[in-house]
Each structure stands twice: as C-alpha cells, then as structure tokens.
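Asks: Respectively, the protein sequence lines represent chains A and B.
For what it's worth, the UniProt record's numbering labels the leading residue of the first sequence as 1, then goes sequentially.
For what it's worth, the UniProt record's numbering labels the leading residue of the second sequence as 1, then goes sequentially.
By construction, these hints were calculated from the structure, which means they are not laboratory data.
None of these values were measured; they are calculated from a predicted model.
Just so you know, same-sequence chains aren't split out, so a pair can sit in one copy or run between any two.
Once the Cα atoms are required to be at most 30 Å apart in a straight line, the calculated DSBU-like pairs of lysine-lysine come out as:
id, residue 1, residue 2
1, Lys263, Lys346
2, Lys350, Lys263
3, Lys346, Lys375
4, Lys263, Lys364
5, Lys364, Lys346
6, Lys364, Lys350
7, Lys346, Lys377
8, Lys375, Lys316
9, Lys375, Lys263
There are 2 protein chains.
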Amino acid sequence: MRRWNGWGDEAIEFALNEDALGFLATRIGNGNPVADASFEQACAQLGASRLPPHRLIDTSPATRLRNALGQSLPDWLKLRYGRIGPAPDGVAFPESGQEVRELINYARLYGVALIAHGGGTSVAGHLTVLDPFRLTLAVNTTRLCRLIHLDQQSQLATFGAGVLGPDLEAALRAHGFMLGHYPQSFEYSTLGGWIVTRSSGQQSLRYGRIEQTFAGGVVETPQGTLEVQAFPASAAGTDLRELVLGSEGRLGILTEATVRVSKVPEYEAFHAVFFPNWQQAEAAARELAQGRMGLSMLRLSNAVETVTMLALAGHKRLIGALETWLSLRGCRDGKCMLMIGVSGGKAQAKTAMRAALGLCREHKGVHIGRMMGDKWKQNRFRNVYLRNAAWQYGYAIDTVETAVDWSRVESMMHAVESAAETALAAHQEKVHVYTHLSHLYAQGASVYTTFVYRLSGNYEDDLVRWKALKHAVSSAIVDNGGTISHQHGVGSDHAPYLEAEKGAAGIAAMQAVFRHFDPEGLLNPGKLVPPQGLAA
Amino acid sequence: MRRWNGWGDEAIEFALNEDALGFLATRIGNGNPVADASFEQACAQLGASRLPPHRLIDTSPATRLRNALGQSLPDWLKLRYGRIGPAPDGVAFPESGQEVRELINYARLYGVALIAHGGGTSVAGHLTVLDPFRLTLAVNTTRLCRLIHLDQQSQLATFGAGVLGPDLEAALRAHGFMLGHYPQSFEYSTLGGWIVTRSSGQQSLRYGRIEQTFAGGVVETPQGTLEVQAFPASAAGTDLRELVLGSEGRLGILTEATVRVSKVPEYEAFHAVFFPNWQQAEAAARELAQGRMGLSMLRLSNAVETVTMLALAGHKRLIGALETWLSLRGCRDGKCMLMIGVSGGKAQAKTAMRAALGLCREHKGVHIGRMMGDKWKQNRFRNVYLRNAAWQYGYAIDTVETAVDWSRVESMMHAVESAAETALAAHQEKVHVYTHLSHLYAQGASVYTTFVYRLSGNYEDDLVRWKALKHAVSSAIVDNGGTISHQHGVGSDHAPYLEAEKGAAGIAAMQAVFRHFDPEGLLNPGKLVPPQGLAA
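Build out the structure end to end from the sequences listed, making use of the hints.
Replies: Shown next as structure tokens:
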C-alpha cells in the first residue's frame, strides 16, 4: 500500500544507521522527531464535499485526501501535522477521453475547477487547491493507462497518459522496447505528468528529456479536442507539442501520448570516477558533455555531497579503505565523485566508456570501477525513501534545482548553497547543503541542491523555515540567471519566480495561450502563471 | 553580384552537358527555352510606392524588386517572365532593435503590413505580397549581422539574426567553433530565416535541426520586446523559443539569436554505399538511424535519383566503370545510393564509420569509398545552381518534402512520385521524378522529391502546370499522413494544407498566439495560417 503521508510503499523502509545519524548530528544537531497525525485525523479535517453528484466522482474523504496534495515539503508538512487545508471536493477516475470530456462539461456547467492529478509526485505544489471558496474536482488520470498502439518499425508507442513509469516500461519490455525515462519519482509518476511538467530522467543523456520523446498526443480542453500528430520532425509552423509540454494542467487534460521508444540495450554499465577537487571534476564533466561521446549518464557530486553519500552508504570499513586508497591517488578532502553511464551495443558502449575514462584521467580522475555505480543503479529509485527515514529522526530534506550555462555553473552552485546555509540563521538553525549536477549538456548543466535541516516540531514554525529557505534559494537562482526549474516544473511554489526568466511579454503570451483553451479559467487555476492581467 | 531572377552568384554557371541533356530529352522530351525579361523590364512593372517617407525606407524600384520574392517556382515564373505582381512599397534595412521598433511603430501608425525578409531564399512563398491594396514594407534583416557575444565555455554564440550562413560560420571559425547548419540555401539564407521557418541542415544528424541549436533570442513585436533567455534546458512552463520557431514573421521580427555551437571537428568524411534495391537500402538506413551510431549524415537516394545523379555527374567513362563494378557486386537496375557522413574526433569518427559500413554489408550494401562522398561535399551548395542551367534549356525543377514514420516512408514515396508523374497528363507532359530521404530519425525520415518538367514558354500555362503539380503532391502528402513540410516551412504555398495536420483546434491556437502578439494583423498577413475565424 502506498504511504499517504510520505514517499513510496509502506513495506519499504530505508533506515539511517548510527554513523549516518552521527554525521547529521555533527553537522546540524540532533533532530526533533514529530508525532504524525493519523490518516483518520487528517480525513476528519476535510469539510463536506460541495459538488453536485456525478457518476464518475468519488467524494469520500479518504479518496479526496489521497488526491489532495503532492510531495513538496509544504505538502508533507500538511500531511504529517494533519493540517490539510483546502482539498478537492471530489475525485474522478475517467477511463476514456469521452469521460474526460464529460467531466469538462460538468465543470463548465457548475463552474468547478479541475486539477489534473497523475501520480501525485509533484514537488512544486502543482496539485494544491489554492482557493478554498471554489468548488474543485481532482481528475485522477491513472486509469488511462493502456498501451494503445506500438509501431515497432517506427519505434513509437501510444499510451493512456496516466500510465505509471513501471507499468509503461513493463508493457514495452514485453516487446523488447523501453522508453528510458527515469526521474527519481519513476515508481509513482505518470507519462502525462512527465509531459506537462517537462520532466527529465537520470539517463536523459541517451534517452532525452521528455520533450525529445513526446511525439504527439490527445488533449481534452474546454475548447474541444486538441490532437497533436506525431511526426519525426516538421517545419510546419508552431509545434503544438510545445503548447502541451509544461502546461501543468492549465491547457487541458492529456489523455493519450505517443512516445519515441528504444530497443532494450544489449549492455549497460555505470562507473565512478573521483577527482581531487571541483574545478578538475567540472572541467572533465564539461568536456565529456561537449564531446558527443555517446554516454547515457553523467552525474557529478560536489565535495559535500560526495562526503555525505559516503557517510550515508553504511559499510564503514569498506568506505574507509576506499578513502585511504583514493587519498594515495590524490583525492582527499574536497574530492568529487562523477558517475558515468553507458548503454547500448556492448562494443559501442565499452568504447565510449574507455574514451570517457581516458578523458577523466587527463583531469586527474581516479577510476574506481563499477562498485559504486552498481550500487547507485540498485538504489536509483530508493534514495527518495531517505526522506521518510530522516523525517522519523526529526530532519526535513528538501531539494531545489536549476540549469545554467557552463560559465555560471560554479558560481550558481556557490550562490544557492550559501543562500541555503544562512537561510535559517535567524532561527539559530544550521542547514546541511550539498549539490550535484544531475543533467549535463553541451551548453551547461542542471544544478541540483539538497538541504537537510531540523524540524521544529511545530507546523507554523516549520512552514516559516521552509518559506525562508525556499525564498532564499529561489532568489539566488533567478538572481544568478538560472531557470527556476530544470526538471520539477513551476506549480505554485515556483510561480512567483517565473517572470524573472520569462519577462512580462513571455508571461502574457503564456496567459494568452491558456486563456484561448480555457477562457473560463477552469483548469488548475493559479498554477504556473497568474491569471491574465496580474503579471506585468 | 547575386542573380536577381535565379539562384546564386552571376559568376557561377553550372552547365548541363550533352549526356545530361540527352538523358532528360529521353525522359520528358526536349526543353522549351524561354526568353527572360530584363531587370529593367521587371522594375518597370512596379507601381509607385505608396509609403509615407521614412529615413530607414528605400522605395527605389530596384531595391523593391530585389526584396519582393523568394525562390519558389511561382516566384521564379514571376521573375523570369517579368510578371512581378504586387511588390512591397519599400524596403527598410534596420541596423538595431531600436530601428526595428521604430519601423513597427511606423507600421502601426499607417497600417502598413511588414514582411520580414532575410536572405530571400524561401521556396514556399513566405515573402510574397498577397494583398495588392495594402501598403507593404519589406524589412530586410541582413544588416543585423554582427557576432554579438561568444561564450566559448558554454559554446553559445549570439548573432544579429540577419547574418548569412557563410558569414556566421566564418565568424565562428575564427575562434575554432562552428554551427554546422547547412541547408542547401546556406550561401544566402540567414540565421533568423532558419529559425522562423524551422530549417534543417544536411548534417542535422550531428548538429541538430535549428530547433536544437536555437537557444534564445530577442523578438520585436507590436506588443513589445520578447526576450527569450538561453538555458541549457528548463521545465519552467512553456518554452518561449517554440513560439518563435516556425512563426514565419507572424509574431514579430527576430533581431538577435543565440545558438549552440560546436568545436570544429578534427575529422570529417563522407562515404557512399550502394544497395541492390530500395527495400534493402531503407532497412539499412533505418537501422543506422535507430542505432545511435554517432554519424553526422545519412542521405538515401532512390533508384531513379541514383540513376539521375550518375547521369548528371558527367565523367561518363568513370561512371560506366563504376556501374560495371557495382553490377558484378549485385547492384544493377534499381540500385540505391546511401551517403554516410561522420564528423568528430578521428578515432571516434572512424569507429562510427566502420560500424556503419559493417551494418550496410549485412544488408548487401557495397561500399565504394570516399570518391562520391567527396564529390557530394564539394557540390553540396552547388546543386541548386542546376536549376538555373535547366531553366536555360527550357526545364523547370521543383521539389517537395515531408516527413513520416518509418512504417509509411516507402508508401509515401510512391504516393508522392505517382501523383507527380501523372499530374501533367492533361497537358500531355511527362514529369521526371526522383526522391531521397534527406534527414533520418529513429522515428522516420524526410521524403524529399524532385520534379523536372518542361516549361511551356507561356507564364499562365506554366503557372497552371505548377499549380496542378503542387496540388497533386501536397494532397498526396497530407492524405498519407505526412507533414506538409519537414524543412521548407509553410508560407503561402503550403498554407492550404496545414489544417490537415494541425486540426481546427491547432490552427485556432496558432491564430490565438499571433493575434496576441499582433492584434492589428500587421505582420506577414495571410502567411502560415489564415486570419482568425477563417480556419474551422
């Protein structure tokens, strides 16, 4: 059973061992464990549904609660403390485009706001009900999950847009294909969610961001059905896919999506390389990204993240031996770990890895083989469970991410980290901060920063702490020329920072597009961009 | 000096030798040479300019004529026969964003239509004045041509949007960089033109379509300046670049563009492989495109194109020897030529070529080395000059292109070719038709078909012939599920076929975007999509 107030399956626990807890205590002090509200207590918070009855709508408090929020830190605070706030008045589970159109007509008739809800894994407040006075219906898309068509020759698969990551991959694997889109939320996020939030996966270097794999689809909108045909490429005016990508439920409800799939590769491997310091590591990573080397993943941890990962890994003696060995090879304090992935035909992949490792050596990189890489692959979707474990011991974990050009990657990293480190000074709290570059491009990289800090034990205080931290790091991002999100989307948490990058003219254009498809403002109101007229 | 009524520089002549003429005569009969109108005769066609004077506007007939049309076949007919029709009332050559804003204000004040004019190489009627009753100003962007900024670390270059292909590459080469965008119009087309028509170049397999290299820019619109920031990637809502790409002058005038550039590669080579028949050639090409092999170009000619290229190549004895040799290796009538390019580090490129040639062998491909490839590279921008030569002998050459999924590539090729072959039957004229796949993707390929047919010697008859042919092939494209353009854009020639792929909802969305930026309908009116309300 999926956790209602945390990440993942209830049966899966990722413990923090004593060494890890000691590490955190040294850095930021002992945590303050908080007593969680029960599911029943949380349900009791919900007011009665105000929706006119409809055969497709479930108004039970349990269903409403499970579709009320996502996985952002403020969402967690609401769930853990049992301070739900406004929730949808009901949840519909449409099983066809026809049923979605029926729900849109219902919404128009009664002026009901519609919040499209996929896997509920948003970490940016996409799913929150912002206006408590407005009737609101969550449209859960997860029953739109069928493999509708597979064209093996053209490597195209059409799915119901609510299909979950693992179900999508399983359906494709049965035919020898895969999509290869692996965000950390993979286990619970949906294809449609990836598309409307412009998601990116861990192996995007090979398989592309969702923008590259989304080839076409069907969106039900208040202005009718928008069918986006799938072409290999086209110069025929505006690419309609791009209106759907990143639309975050403001344009319509995506019911079907066609994606470009790949043959399951013959071979896959992840290797780790340590560098003596950030400058050498970044230079190597940049050269690898700009070298078109045919790699499938590059992921570079800075020194604090490297230390943290080694500390949390357990296996104290093994890690101790590794560190001694690395130290003899020049990688001591300040060392940074680069993970390199290859996938494909065995000969091609091995050649690419050899070339990559050769380039790393020129930058004093020390190759330690596949051990850490295999471990990373094994835990690639497990690390999110650490958030549950940390919470149990009284620590909050949150992340923020951006992307910038290479010439600003290092200064961005320092700006975000130092903003975070001092953000809770007024609360006399320290923040443990570390960063990795999760997605590398020829132009630049995503800068993905994690914060660990102590819970206060009080809902209001924890919300204040989160807001202070979020504002500090988001301001650092836009002030340093980064995008407010590289892979999580905008939702409500990032919306205040969007105009800094889009400009007044860009925001107005986005509003014009959404107003065209949704003139009555029924769709996910208040998310992404403010209603017309409120920008500039 | 650039030709005013044909392609390219007046000093460059590409002759058709007797064998080539004999080949065409056998196929479609002897040509009917037409006497061209003189530049003076054509200028005399233009009515007096009706524009209120402005310091930036040149109203001389010579300048107006040189900025009146593009390179489509109907444009050629107008120029060659001296039947210009409506032309702009003046031409402005702005040198800054400020001057473009000034021109937009002028246009608003006097209700003047603005046609953005880059290199004037459109083959889809983007530049034509459609409404003779409307005051019209061509805005020639070619003085916006400076390299404004080069960030070597992030491999980003910002140019004035009117920079011509060769000037852009020369500016980058001085620093060891290149863009690598090589449409056949490269010598005269502009960066801005590539962007607003979603152009694609010959080596897009490595360097990407213009969509992949266009990172950001500045557009002057009647609603103000739209500045699109350049991020390596972003999940922050609508990608504003995508509103600019393919906007064909309907949204604003692009003044600056930032592009992702690459280091000049160490090594480059083009090899040719012949296959016994289309089926084997297509299967090999598809596997190469789906194999992520790190190639920079794939270009597959069908049997008739292969024969035509060999016939037009001259060097009769050399080609004869090659054909004998190929025949002994199983490539006789029906053989198809695949051109394979690699670029990059020498070892990496050679490994990729070896792997590609190995795969071709499995499909009975016969590798003939670099001779044909070197020849192709040498003539990559020269083949367009053949149009001038053919015209001199009384033949028209036109092309049409689309893109479809692999499962429909062969049927599309046959549909377009047979539509073309019979399109002039009512005129008792034959059409010589051949096709290549110019851009190959994992999902499918572009299908690029060339037609050669005889001129009638009469403007009206030639326009009727062209219309019959264009309608036949365009209908075949949309009826078979292709996009109306893979690389040339929509303009006015393809506009009637756009709704077949975008749907009424898609057309309405495009209209909404353009209406938002240009509520008075000043920008390139009538191109791309009909004015609001005329679609559905």
